[in-house]
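Asks: Throw the hints in and build the complete structure from the sequences for me.
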Amino acid sequence: MMLTAKTPSSKAKWVLETMGIKGVPAPYFDDIALQEKIKVKRCSLPSEKDLSGMLIYRGEMKGILINTYIENIGRQNFTFAHELGHYFLKHKPPYILDGESSFRCSNQDMEVVDNYSSIEAEANQFAVELLMPELLFKPLLAGTVFDFTLMSSLANQFYVSKHACGNRILDFMKEPYILICSNGTSITAIKCSNAAKRFGKAVKNIPTESHAYRAIRYQQNQKQFYLSPGSVWFGQLFSNIIVYECTRGNYEHDVSMTILKVEYPTILPV
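Position in the sequence shown (from 1) plus 113 gives the number in my numbering.
Rather than coming from a laboratory, the hints here were simulated on the basis of the structure. Bear in mind the structure is a predicted one, so any value in this text is a computation, not a measurement. C-beta atoms are modelled at their ideal positions from N, C-alpha and C, and glycine is treated no differently. Treat the hints with care, since some could be wrong.
Distance condition first, Cα-Cα at most 27 Å in a straight line; then the derived BS3-like pairs of lysine-lysine [to be verified]:
#1 Lys336 <-> Lys317
#2 Lys162 <-> Lys175
#3 Lys119 <-> Lys287
#4 Lys275 <-> Lys287
#5 Lys275 <-> Lys310
#6 Lys135 <-> Lys152
#7 Lys251 <-> Lys314
#8 Lys126 <-> Lys150
#9 Lys150 <-> Lys175
#10 Lys135 <-> Lys275
#11 Lys135 <-> Lys162
DEER-style ranges, computed between Cβ atoms [to be verified]:
#12 Leu158 <-> Lys317: 33 to 39 Å
#13 Lys154 <-> Arg311: 19 to 25 Å
#14 Thr262 <-> His366: 31 to 37 Å
#15 Gln337 <-> Asp163: 33 to 39 Å
#16 Asn334 <-> Met174: 42 to 48 Å
#17 Met174 <-> Gly133: 22 to 28 Å
#18 Trp127 <-> Met174: 21 to 27 Å
#19 Lys317 <-> Asp163: 22 to 28 Å
#20 Ser266 <-> Glu130: 24 to 30 Å
#21 Ser123 <-> Lys154: 27 to 33 Å
#22 Ala308 <-> Glu213: 44 to 50 Å
#23 Met174 <-> Arg311: 48 to 54 Å
#24 Ile183 <-> Glu288: 29 to 35 Å
#25 Met132 <-> Ile183: 49 to 55 Å
Replies: Next up, the structure:
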């Protein structure tokens with residue numbers, strides 16, 4: 114039995130263990146809320162497009178609001194897990210009005226941020242472990258390569274968005290991979306596996322010489338990885354690096370994701 118929970122992730126593990134949840138957790142979130150006497154309301158709020166969700170306290174009453182305006186069950190589940198994170202981590206609500214205290218969490222608050230010690234980042238860390246527990250998720254990556262097929266399959270299995278799933282995969286990938294999210298050709302988020310972090314720091318935009326740029330410009334969903342010189346993405350210092358890239362998007366909403374796989378060239382013995 115886990116007696117202490119010193120990190121957001123370990124607290125999420127504690128919640129799953131205490132509730133006896135051994136399978137994919139997302140279908141049990143309403144049960145967790147019921148156990149804690151938290152009322153849950155889901156509603157579409159077109160006038161609050163940037164609001165993902167709220168955790169509300171009024172006296173002894175507790176409630177979670179999930180904005181379903183963005184019709185993505187994976188994102189809604191992440192919001193649910195995020196608000197549960199604020200609750201179980203005992204964060205102090207920043208908004209107080211007329212006897213009601215609350216968290217108002219935006220779409221930006223849902224982004225997983227490395228090395229950022231805010232309560233929103235802690236709630237995200239909790240949410241990631243609650244949705245995709247390491248004990249369940251990591252074994253499924255044995256012998257796999259990071260591509261859109263793997264990302265889609267696991268996202269469906271764990272009821273999460275492809276973005277959240279891709280980020281979680283990279284937590285455990287030993288090979289150097291980078292996942293880039295973009296709006297048009299402007300980068301909105303980057304996640305690197307540990308082996309690729311030195312390369313990820315050099316990525317500031319979608320290079321005009323890249324296959325990704327052409328895919329986004331012509332609204333193409335690439336079915337394979339294309340080779341690019343490392344200098345295209347990382348500058349001349351990395352010209353000896355080989356990059357394999359693949360881009361797919363939801364171009365109706367002008368968003369896309371690009372996977373980069375970084376390889377060193379094979380040097381044959383003389």
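Asks: Next, verify each hint and record whether it holds.
Replies: Status of each hint after checking the structure:
Proximity of Lys336 to Lys317 is assessed by CA-CA distance (about 25 Å); at most 27 Å being required, the pair is judged to hold. Between the alpha carbons of Lys162 and Lys175 the distance comes to roughly 23 Å, so the proposed pair stays at or under 27 Å and holds. Between Lys119 and Lys287 the CA atoms are separated by roughly 26 Å; this keeps the pair inside 27 Å, and the hint holds. With a CA separation close to 20 Å, the supplied pair Lys275 and Lys287 stays within the 27 Å bound.
As the CA atoms of Lys275 and Lys310 are separated by approximately 21 Å, the hinted pair is consistent with the 27 Å bound. For the proposed pair Lys135 and Lys152, the alpha carbon gap of about 24 Å is at most 27 Å, so the pair holds. A distance of roughly 26 Å separates the Cα atoms of Lys251 and Lys314; the hinted pair therefore holds under the 27 Å criterion. Annotation: proposed proximity of Lys126 to Lys150 holds, straight-line Cα distance about 20 Å (limit 27 Å).
Restraint check for Lys150 and Lys175: the C-alpha separation of about 7 Å stays at or below 27 Å, so the hint holds. For the hint pairing Lys135 with Lys275, the CA-to-CA distance comes to about 22 Å; that is within 27 Å, so the pair holds. Distance restraint check for Lys135 and Lys162: the Cα-Cα separation of roughly 34 Å exceeds the 27 Å cut-off, and the hinted pair is therefore not satisfied. Checking the proposed 33 to 39 Å range against Leu158 and Lys317 shows it holds: the Cβ atoms sit about 34 Å from each other.
Under the hint 19 to 25 Å, the C-beta atoms of Lys154 and Arg311, about 45 Å apart, miss the expected range. The hinted window of 31 to 37 Å between Thr262 and His366 is violated, with their beta carbons roughly 22 Å apart. Checking the proposed 33 to 39 Å range against Gln337 and Asp163 shows it holds: the Cβ atoms sit about 36 Å from each other. Hint check: Asn334 to Met174, Cβ distance near 46 Å, so the stated range 42 to 48 Å holds.
The hint said 22 to 28 Å for the Cβ distance between Met174 and Gly133, and at roughly 26 Å that hint holds. Between Trp127 and Met174 the Cβ separation comes to about 24 Å, which falls inside the hinted range of 21 to 27 Å. For Lys317 paired with Asp163, a C-beta distance near 25 Å keeps the hint of 22 to 28 Å intact. A beta carbon spacing of about 26 Å between Ser266 and Glu130 agrees with the range 24 to 30 Å that was offered as a hint.
For the pair Ser123 and Lys154, the beta carbons lie near 29 Å from each other, so the given range of 27 to 33 Å is met. Checked against the given bound of 44 to 50 Å, the beta carbons of Ala308 and Glu213, roughly 47 Å apart, stay inside it. A hinted range of 48 to 54 Å for the beta carbons of Met174 and Arg311 is consistent with their spacing of about 49 Å. Between Ile183 and Glu288 the C-beta distance comes to about 32 Å, which sits within the given range of 29 to 35 Å.
For Met132 paired with Ile183, a C-beta distance near 27 Å fails the hint of 49 to 55 Å.
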